[in-house]
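Could you slot chain B onto chain A? The hints should help.
One line per chain: the protein sequences are A and B, in this order.
At the far end of the first sequence sits residue 883, using the working numbering, and the numbering has no gaps.
At the far end of the second sequence sits residue 883, using the working numbering, and the numbering has no gaps.
Any given hint could be a false lead.
The list treats identical chains as interchangeable, and a pair is accepted whether it falls inside one copy or across any two copies.
In silico lysine-lysine, DSS-like type, Cα no more than 30 Å apart, as pairs [claimed, not checked]: (1) K828 to K424; (2) K765 to K740; (3) K765 to K820; (4) K820 to K832; (5) K825 to K799; (6) K659 to K639; (7) K659 to K431; (8) K583 to K791; (9) K828 to K303.
These aren't lab readings, by the way, just hints derived from the structure by calculation.
This structure is a prediction, so every number in the text was calculated from the model and none was measured.
Protein chains: 2
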Amino acid sequence: MKQYVYLFDEVKNANSQEMIFKLGNKGAQLAEMTTSGLPVPPGFTITTEGCNEFYALGKKWPDGLEKQVKEKLEALEKKIGKTLGNAENPLLLSVRSGSYVSMPGMMDTILNLGMNDKTVEGLAKKTNNKRMAFDSYRRFLTMFGDVVLGVKHSDFEKILDAAKEKKGVKFDTDLSAEDLEALIPQYKELIKKSIGKDFPQDAWEQLKLAINAVFDSWNTPRAVSYRRINHLRSDAGTGVNVQAMVFGNMGETSGTGVSFTRNPGTGEKEHYGEFLINAQGEDVVAGIRTPKPIDEMKSILPDVYKELLKIYETLEKHYKDLQDFEFTIEEKKLYLLQTRSGKRTAQAAVKIAVDMQSEGVLSKEEAVMRVKPEQLDKLLHKQLDPIAVKEKEAITKGINASPGAAVGKAVFDSETAHKMFEENPKEKIVLVRLETSPDDIEGMNVAQGILTARGGATSHAAVVARGMGKPCVAGASDISVDEEKREFSVGGLTIKEGDWISLDGGTGEVFEGQVPLVEPSLKGDFAVLMEWADTFRKLEVKTNADTPKDAETAKKFGAQGIGLCRTEHMFFEGARIKAMREMILSEKLEEREKALAKLLPFQKEDFKGLFKVMTGLPVVIRLLDPPLHEFLPKEDDEIEELAGEMNIPAEKIKSIISSLHEFNPMLGFRGCRLGVTYPEINAMQAKAIFQAALEAQAEGIKPVPYIEVPLVGNVREFKMIKEIIEKEAEASGAKGKVKYKIGTMIEVPRACITADEIAKEAEFLSFGTNDLTQMGCGFSRDDAGKFLKHYVAKGIYERDPFQAIDQEGVGGLMKLCIEKARKVNPKIEIGICGEHGGEASSVEFCHKIGLNDVSCSPYRVPIARLAAAQAAIKEKNK
Amino acid sequence: MKQYVYLFDEVKNANSQEMIFKLGNKGAQLAEMTTSGLPVPPGFTITTEGCNEFYALGKKWPDGLEKQVKEKLEALEKKIGKTLGNAENPLLLSVRSGSYVSMPGMMDTILNLGMNDKTVEGLAKKTNNKRMAFDSYRRFLTMFGDVVLGVKHSDFEKILDAAKEKKGVKFDTDLSAEDLEALIPQYKELIKKSIGKDFPQDAWEQLKLAINAVFDSWNTPRAVSYRRINHLRSDAGTGVNVQAMVFGNMGETSGTGVSFTRNPGTGEKEHYGEFLINAQGEDVVAGIRTPKPIDEMKSILPDVYKELLKIYETLEKHYKDLQDFEFTIEEKKLYLLQTRSGKRTAQAAVKIAVDMQSEGVLSKEEAVMRVKPEQLDKLLHKQLDPIAVKEKEAITKGINASPGAAVGKAVFDSETAHKMFEENPKEKIVLVRLETSPDDIEGMNVAQGILTARGGATSHAAVVARGMGKPCVAGASDISVDEEKREFSVGGLTIKEGDWISLDGGTGEVFEGQVPLVEPSLKGDFAVLMEWADTFRKLEVKTNADTPKDAETAKKFGAQGIGLCRTEHMFFEGARIKAMREMILSEKLEEREKALAKLLPFQKEDFKGLFKVMTGLPVVIRLLDPPLHEFLPKEDDEIEELAGEMNIPAEKIKSIISSLHEFNPMLGFRGCRLGVTYPEINAMQAKAIFQAALEAQAEGIKPVPYIEVPLVGNVREFKMIKEIIEKEAEASGAKGKVKYKIGTMIEVPRACITADEIAKEAEFLSFGTNDLTQMGCGFSRDDAGKFLKHYVAKGIYERDPFQAIDQEGVGGLMKLCIEKARKVNPKIEIGICGEHGGEASSVEFCHKIGLNDVSCSPYRVPIARLAAAQAAIKEKNK
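So here's chain A without its partners, still in its complex pose (with noise of 0.2 Å):
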């Protein structure tokens, strides 16, 4: 015979994934518990075997499993002491659901099962507490009707509400024993007149048919549902965990609280929770009575508190992590009704791992697993001051594209933004845009933050400001932007250009006025973590950065060289962009050298200052990669002065842009192919990349320069490119001076099919994961925002794959082509500089897919750190 019920204190290995799989999550932690010493009341768990079988036989309980339940049952009653459905002295029971992994609220919970019209008076006099009896009764009546007799809840509520109403009072604790055995006859005649039949009386029948109730919500719509859209096993099956239930209401000495076993906010070492005396456990949650901090019940309960005090520690030691635990004290008794690792934010994960660390709890190795890296987000910028933001009120809120606080003048053009900095370098400013394109990169650089009314967390400003670091709220809907007015409206408030606003990037609100801002630490416990995890780690983690500013913020979070420079970034700046506008309108190539020839100086200057910051680490420099049209002028004002600038006619200028549109430009003339129709355009950059290494090595610099070839397809394009380049280092005399790469992004899914014949001619390989979830799914991502949130929801992808790595799919081309390259080189360098560098879960998939290196913006260089750490962690402990 199978054993479908076991005891909380017979189980074996609770915490094992068998055991979990069995008695269900719940079942797995009251049986831990209860092994553990921890005062926990007496049960027991059906197997999700048992519900599986239930299934399996068209809704009927498997041979042996009543015959269990019965002597689970009578073990159960000896322990306490109590008899279910006794009158004298009866025993209640919480009858509760329980899978492998928590779908909190999805399935269904009984309390207070045994209560009848015997036991109500048994209770009532064994207690001393008729009022808490008849209450007790009360609400099983409505739980039992509405869970397992399908008894509309709302009409239960509807009779308790005309007797409070009849009595003139507002809360149910105001209504009297007497009040509450009245609606019991009330009850029972609804739940009568509802299903046709009385309510159970018998104690034994309550029982049989709840466990029924359990296993039936396995399979409600909102429980399929959930384990679809979490992609959670559906042949998993529930568990159910019958417990003595243990009373918080019986009086002056008993009660019920939560309670965290340290600060959760701070992370200091502190009695942190709170309880209610005279209240059971729902009565906490539900905010009606204001509970009593956890200290004071040192001078209420002191011998309870005494063994709280004890309880913090057994839990620590045994859980090794800040726990969140709920309790109930029945006259005087401390029970644990359940313990969960605690949420924290980001200061106390920090904090309480490091601590834990030196209290000789946690290894070294097992404090860098206790903090999410996600986490660190917050850590790392400015933010508003919690406490002015509480009073505040938020005047809209957006998507938090970019963390960070931000508090400024709101200006409404980059132009503007400029000039206003310009003439005071101090002036503080939030960027307000309907959307913001690669015009905006100077207003961008200059403002404290930026807001838009359009786009998602990937749109142009969402991407551009998290590169810089620089607080974004996108996509607030609800503002309507007028650029030639220069303001903005929301909820009858216009805020005109030069007001106030301050903006929280992390949370996506946007307030009036100016709220104070706090700073960031970076040191203390979180250079400590940081430093440990360093140890850890086997991923270098590189910078995405185009400025010698970026490139030093990236440095100080300990970036490792720079994984991604994008020349195009500095071209937008005054002469540059005129030059590089007369670059595009040339017909010629002489007339197109002479304008490269402008540029030259600046790409140099450029290059020199990233060798600088970076001496001796690598900076990876990115050939010319977007679009020529996205360097011309898009307004008649801007094609009529730029026309006059360059004395070409506007017509000439307008039928250039108009030959450049294209109808897919993420799919069009960019990238090396670029390079490949204009061989002088990256003839350029390579004289500039290596006259600068020569420059700076005559300064005693050590430049390391990768040179790397966007958008390459097919390995004769990059022959092609590298070709070039080698013509230049030839020319320049770097050639055996300075030691430099050549190597491409891997965006294209025809690279990752072909990758065995590109890397026998690239150094280096850098995953472009944008680009190649881009066209590898066949998501535009400015165009997708509107079709994965659907996606999404529906559980076709996790995530969205522009936000974590499609493993899968991308991922699948990544290893792919990591396979096929290593074949032919087993030394070639493979990195990764999308967005998805900096996210956790991507960066633990680099990591097991054996990249060498992740790059990402500043910002997220300490998140890559703690996130390769991990990976290598739990690929050593697997």
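Here is chain B on its own, set in the frame of chain A:
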């Protein structure tokens, strides 16, 4: 020491791929002919390797080449009993190019090499023909001057014309020996004046220079462009064939000609060719004198004619194919100068293959291999309507040089033709030229047909047009072409550039205006050949058809079902587009469902029509695929009209259109993404399919619907849509009654990577290689034209990947997909329905990777059938 030089009779296995590549096509053929006992003038070949090393060494001869040339030359002198440069008994040589594939007219040839001031006298004495000797010398000076020394050909012509004018005669042949002798000093002076050096009298020096010139001609712009257009290897190099000259200009018992063993236009077994008495080879091709038809030789030189008839037989028996050969008669002795597989029209190709099989020369298998699939395209296209032609009078009649009908605007130079084509690739052009030259290749390539005023059936225009399968009327000598004025006139009528003309290359007739075209006939030899093909092929051939009419055409062409029916094409007519727009503009589910209900009956009837035509055969129906904005109007007035019809403000429609705008529609909201977001659309389509199938069954039709989900990248998308379809199958009562399958397009790279997941759910897969190429290579088909031509020109891709499958990249994704899919579902049916499905090399690839079927447009079905057969035969014989 490598052997760079081979005498014709010392080559073994001349016909092997290895030797053809080594000696070039022409060298291998001369060796093959010689060793087969055909009367070939003796000679030797310098290998293509010699040419490649010449380039590798910076245009220097490799070690040993000079010594070997001298040795072989001596052997040759011994064989023919003449000596190069010998004043008494001079040997004259031809020096010709020849790569692994024939490139007619693209590279250089020098004839009469060895002529100088002394040998001319010796030749005159020996042949007792002073005129012939000086004619040869002045020809040699012209050719050597032009080709080797770079003196303008027309400058020689001017001197010649002056001499003729002075004497008052019209033809070269009217000039006496003395007249010709008088030209020599003038020619030599012209050379000295032009290049500052004397014409080299030393024959060995002449030979070395001529060999260099042939090497050089491998890389002339026109040769490079020819290779690009014809997808030939650019690294192959040319061989150099040095051969004893024989003389057709030794008087009335000498002559020269070209002939085909059968009629290359019609395929008839008849003597086809032309000859000129007392002439050298170039005179026939140049079209200066009009040659005589071959059969006239019977009366002029009966013994030679008899020998020629024997040669026809020997050639076809040896080569088992139509041969195109050049011959020279030197004083009644017949020499074969070259023979090659003859270019032929599609019609001729089919007829010759079928005839040769019944003559016992070819097996059916060999016959099937003799016809190029792409050629069939010409057979399947239209002819001038014979009834319309009856009522019209031809404005002129020329030589029926290449059959088929062309209707287009007269254009008088290649450049203009090419420009017009670039502006509008659908432009219909007829290229009209005095005569064509290799410079006209580009213009001929974009023209519907070619009309020349000069030249015969073997003129440049005729040969190239047949090769391209383009209709050509050559030598329409009545018309007077004014290339400068851009017009031609004939019988008082003037046709200006842009005027429409029609021509029939099968009759040689030219008409003014646009003559209607009629369908071709698919019976007779064509049907026989296709039947044979079908016995060999493994691939099923289906068609892409959206209407019963297309489906019927395709069935006539042998389609075995519909491989792709694009349902969206059904939504563009009258009432349908209105309901479709209503659906798109609806904001609520119920409104959308109401609009969809209007579309249902249309769809149902469409599907019934297809089932009827294809009864018993699969009909793959793709669910709605394009982005919704394609159905909405673009112009303001259309929007206003729609607004009026729908009673919605125009502003609202505009705002919906703008909300549907996408940056990269190719990667946007389309395909199954529509169905995932608006399941009701696919539900309606599924319902229409099942209702149509049930109604069709009731009428005795056997519907076999294959329902295809487009743009699947993730198995969960497919499952979701499959559920919708299955629900409609149940609801309509089709479940269990109609045999249907549910499958998906494979267009997204991610679908290939995760094909093992998808194949668990899908019953069939169909590669949409258009989109798979777009996403796999990252090329927008709408935009890539701009740079893809550079890419093909630079050899990055051998062919445009949208025309022929990129086998390495996109093909790699396909292979991966097939492997993964068959692993989990060995029975899954896999096909292709991109445009590649009707392109021969792609069909062969599909066979190789093990697809079950290909689907293509109706007119390409026979091409696919033949290509599939050839692929199977090739594989068998490998």
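For each hint, the structure was consulted:
In this assembly of identical chains, K828 and K424 lie within 30 Å of each other by CA distance neither inside one copy nor across copies; the values are 51 Å within and 48 Å between. In this assembly of identical chains, the alpha carbons of K765 and K740 lie at most 30 Å apart only when taken from the same copy (20 Å versus 54 Å across copies). For a Cα distance limit of 30 Å, the shortest separation of K765 from K820 qualifies both inside one copy, at 17 Å, and across copies, at 22 Å. Taking CA atoms no more than 30 Å apart as the test, K820 paired with K832 passes in both settings, with 16 Å inside one copy and 28 Å between copies.
In the homo-oligomer, the alpha carbons of K825 and K799 lie at most 30 Å apart only across protomers (26 Å), although the nearest pairing inside one protomer, at 35 Å, exceeds that limit. When the C-alpha separation of K659 and K639 is checked against a cutoff of 30 Å, the pair qualifies both within a copy, at 9 Å, and between copies, at 21 Å. Taking the shortest Cα distances, K659 and K431 sit within 30 Å of each other only across copies (26 Å), while inside one copy they are farther apart (32 Å). For the identical chains of this complex, K583 and K791 are inter-copy neighbours only, at 25 Å across copies versus 36 Å inside a copy, given an alpha-carbon limit of 30 Å.
Within a single copy, K828 and K303 get their C-alpha atoms no closer than 68 Å, and across copies no closer than 68 Å, so neither meets the 30 Å cut-off.
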